[in-house]
Amino acid sequence: MQFLWAFIVGGLICVVGQLLMDGVKLTPAHTMSTLVVAGAVADALGWYDPLVEFAGAGASIPITSFGNSLVHGALTELEKVGWIGVITGIFDLTAAGISAAIIFSFLAALVVRPKG
Amino acid sequence: MKLVGRQTWQFENRPRIIGRAAVVGPEEGAGPLSADFDYVYDNLEIGEKTWEKGERKLLEQATQLALINANITKEELQFFIGGDLLNQIISSSFSARKLGAPYLGVFGACSTSMESLALASLIVDSGAGEYVLAGTVSHNCTVEKQFRYPTEYGSQKPPYAQYTVTGSGCGVVSRSGDGPVITRATIGRVMDLGIKDPFNMGAAMAPAAADTIVSHFRDTGLEPGYYDLIVTGDLASVGLPITKELLQKEGIPMEQTTFNDCGLMIYDREKQPFVVAGGSGCGCSATVTYGHILNRMQKGDLKRVLVVATGALLSPISYQQGESIPCIAHAVAIEKEA
Amino acid sequence: MQRQAVRPIRFLRRFCILPAQTKGSGNGKKSSSLSISEQDYKKVAKKHEPSRPILANCIKAFFVGGFICIIGQAIQEAFKAGFDMTSKEAASPTVAVMILISVILTCLGVYDKIAQWAGAGTAVPVTGFANSMCSAALEHRAEGLVLGVGANMFKLAGSVIVFGVVAAFIIGIIYAFLGFGGGHL
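So the protein lines, in turn, are chains A, B and C.
By my numbering, the letter at position 60 of the first sequence is numbered 60, and the numbering carries on one by one without gaps.
By my numbering, the letter at position 304 of the second sequence is numbered 304, and the numbering carries on one by one without gaps.
By my numbering, the letter at position 25 of the third sequence is numbered 25, and the numbering carries on one by one without gaps.
Wrong hints could be hidden among the right ones.
Derived lysine to aspartate or glutamate pairs resembling DMTMM-like cross-links, with alpha carbons at most 25 Å apart [said to hold, decoys possible]: (1) B:Lys244 / C:Glu38; (2) B:Lys244 / C:Glu143; (3) A:Lys115 / C:Glu143; (4) C:Lys113 / B:Asp268; (5) B:Lys2 / B:Asp42; (6) B:Lys2 / B:Glu335; (7) B:Lys2 / B:Asp219; (8) B:Lys49 / C:Glu143; (9) C:Lys155 / B:Asp197; (10) C:Lys43 / B:Glu255; (11) B:Lys249 / C:Glu38; (12) B:Lys244 / B:Glu223; (13) C:Lys47 / B:Glu245; (14) C:Lys155 / A:Asp92; (15) B:Lys2 / B:Asp178; (16) C:Lys113 / B:Asp42; (17) B:Lys196 / C:Glu143; (18) C:Lys80 / A:Glu53; (19) B:Lys196 / C:Asp40; (20) C:Lys46 / B:Glu245; (21) C:Lys88 / A:Glu53; (22) C:Lys46 / B:Glu335.
Hints listed in this document are in silico derivations from the structure and should not be mistaken for laboratory results.
Next up, chain A with everything else stripped away, as it sits in the complex:
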């Protein structure tokens, strides 16, 4: 059942992105930045976690969940160690994604040429 909701929610978030690109005529970079901030704000309001519970990968795969994880990290650390946690905790949950992207991209660049 969660598969169905993953499909629907994930698809809908992508539709929002498409509307930003085609309707508001934002560039992909602007669109993604907007969605990340939207995800962060949604998490700040406490809306994103329930969405992840409900839709699973439909909420955790789109780039909005990146914003969600950044806020999570900041707030969790804030709770643990106080104010400084807002800075030290930001990358806690997103480290995996960023590290993976850097490492795999670097390794790829060693052996692969762009095809045009």
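Keeping the supplied structure of chain A fixed, place chains B and C upon it in accordance with the hints.
Just chains B and C now, kept in the frame of chain A:
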């Protein structure tokens, strides 16, 4: 030579294109004009390690073939006038290094083909040089890398985007020898009617094309029917209709002749849908002119052609800073000797 | 442009989310041979501009985006079952695998072809993020590992990270100020 009107040169001493060459990449070789190109590469890398080296090789090869076609050696060449789309026009400068001739680098974006040809004709007509080579090049991947996105990046192109031609076109101009005559050149002014979308080159460049065409006919007193064919460089499917409308508003009877665009001629938009609106780039007008159009002239299909190469003079920074896109168009009239 | 679209654009410009707008195009109109004004020209250009097939693009984005999320869901279930993880624990490895898949597709040269069709469907999922980094890395290998790959890898993804981090920081500060002390609302 003499100045006619405000911005048109009339060449009295009959400078000719005595040699020429057009070298292209695989996509252009798969298009409708493939038989008109002197060499078609089957790989986008042009056999080189980087896109930039590939672009340079295209120009180097086109210059060599043009010299062979003109029957002159590198040492006999007076000047090489070249330009391209890369930062600091490195493709032209590095090719000039190999060529060894005195070099004038120009930047007219996609109008470079006719800008360089007009200047070459000026030099030859005034007696300041016996043999002058004008050439330009563009490569799809170097342009994407510099102006837009990395080539493997997944961004969706809008329906008015254009596809940069991978190709180089060169011509050797001289008063001695045989070939079609360059009779007139109209130098364009920079036109900017506020278009900001860097993907909508056609709409940005259309005013420049219209302005130059109007100026040409106003300066010379000719009518469009004087030419068998008038082509613009790379307005493609969006820019050409706009230019037609602008010219109609100005009262220029373009229906007297065939009015087409190199960007629409070089690709088959149905079989090659990835080109979206059509071809663009310095190499677009250059390869179509030095390959296809001059071939048709040689066969006797065309007697008088006006090539209006159009260029968008933006940079990635100017776009990011919110500036609109200033454009320019240069026109050169090429006629077969009677 | 529709009136409704102008206000959010002005808002985004003021907060520097959209590129700045400089005044005056300096079009040299005074000496131009054309009699058309800039305003009238924009209308002509708009008339000839092929409209983006928004509905078709949204449908394609929906299906492709949803499909990618289903693959993510499947991978997540596999981690949960195979390694006895909870959903939270499986989230990071799932993202890592999705990134790997995206990098492979980018290297094969197919990601951009799929993206031309799918639009936001491939750009919005984390696969789009990985594609932006991988494509930049591959492209700039020509300039060497340090100045090319290293310096340019975040060319496109950088904005996402910067804005995400700054947003998280501001939210964290607001939470701290309001005395929520962490956790969530």
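Taking the hints in turn, this is what the structure says about them:
About 17 Å separates the Cα atoms of Lys244 (chain B) and Glu38 (chain C), which keeps this hinted pair within 25 Å; it holds. A distance of roughly 43 Å separates the Cα atoms of Lys244 (chain B) and Glu143 (chain C); the hinted pair therefore is violated under the 25 Å criterion. Straight-line distance between C-alpha atoms of Lys115 (chain A) and Glu143 (chain C) comes to about 16 Å, which keeps the hinted pair within the 25 Å bound. Distance hint between Lys113 (chain C) and Asp268 (chain B) is fulfilled; the C-alpha atoms sit about 19 Å from each other, no more than 25 Å.
Proximity of Lys2 (chain B) to Asp42 (chain B) is assessed by CA-CA distance (about 45 Å); at most 25 Å being required, the pair is judged violated. At roughly 18 Å between alpha-carbon atoms, Lys2 (chain B) and Glu335 (chain B) fall within 25 Å of each other, so this suggested pair holds. Distance restraint check for Lys2 (chain B) and Asp219 (chain B): the Cα-Cα separation of roughly 12 Å lies within the 25 Å cut-off, and the hinted pair is therefore satisfied. For the suggested pair Lys49 (chain B) and Glu143 (chain C), the alpha carbons sit about 11 Å apart, so the restraint of at most 25 Å is met.
With a C-alpha separation of about 20 Å, the suggested pairing of Lys155 (chain C) with Asp197 (chain B) holds against the 25 Å cut-off. A C-alpha spacing of about 24 Å is found between Lys43 (chain C) and Glu255 (chain B), which places the hinted pair at or below 25 Å, so the restraint holds. For the given pair, Lys249 (chain B) sits about 14 Å from Glu38 (chain C) by alpha-carbon distance, which is consistent with the 25 Å threshold. Between Lys244 (chain B) and Glu223 (chain B), the direct Cα distance comes to roughly 15 Å. Compliance with the 25 Å bound is thereby established for this hinted pair.
As the CA atoms of Lys47 (chain C) and Glu245 (chain B) are separated by approximately 11 Å, the hinted pair is consistent with the 25 Å bound. Proposed proximity of Lys155 (chain C) and Asp92 (chain A) is supported: the alpha carbons are some 23 Å apart, at most 25 Å. Restraint check for Lys2 (chain B) and Asp178 (chain B): the C-alpha separation of about 23 Å stays at or below 25 Å, so the hint holds. Straight-line distance between C-alpha atoms of Lys113 (chain C) and Asp42 (chain B) comes to about 20 Å, which keeps the hinted pair within the 25 Å bound.
Taken as a hint, the Lys196 (chain B) and Glu143 (chain C) pair is broken in the structure, with Cα atoms around 30 Å apart against an allowance of 25 Å. Distance restraint check for Lys80 (chain C) and Glu53 (chain A): the Cα-Cα separation of roughly 15 Å lies within the 25 Å cut-off, and the hinted pair is therefore satisfied. For the hint pairing Lys196 (chain B) with Asp40 (chain C), the CA-to-CA distance comes to about 15 Å; that is within 25 Å, so the pair holds. The hinted pair formed by Lys46 (chain C) and Glu245 (chain B) meets the criterion: a straight-line CA distance of about 13 Å does not exceed 25 Å.
Distance restraint check for Lys88 (chain C) and Glu53 (chain A): the Cα-Cα separation of roughly 10 Å lies within the 25 Å cut-off, and the hinted pair is therefore satisfied. Annotation: proposed proximity of Lys46 (chain C) to Glu335 (chain B) is violated, straight-line Cα distance about 37 Å (limit 25 Å).
Checked against the numbered hints given earlier, the structure breaks hints 2, 5, 17 and 22 and satisfies all the rest.
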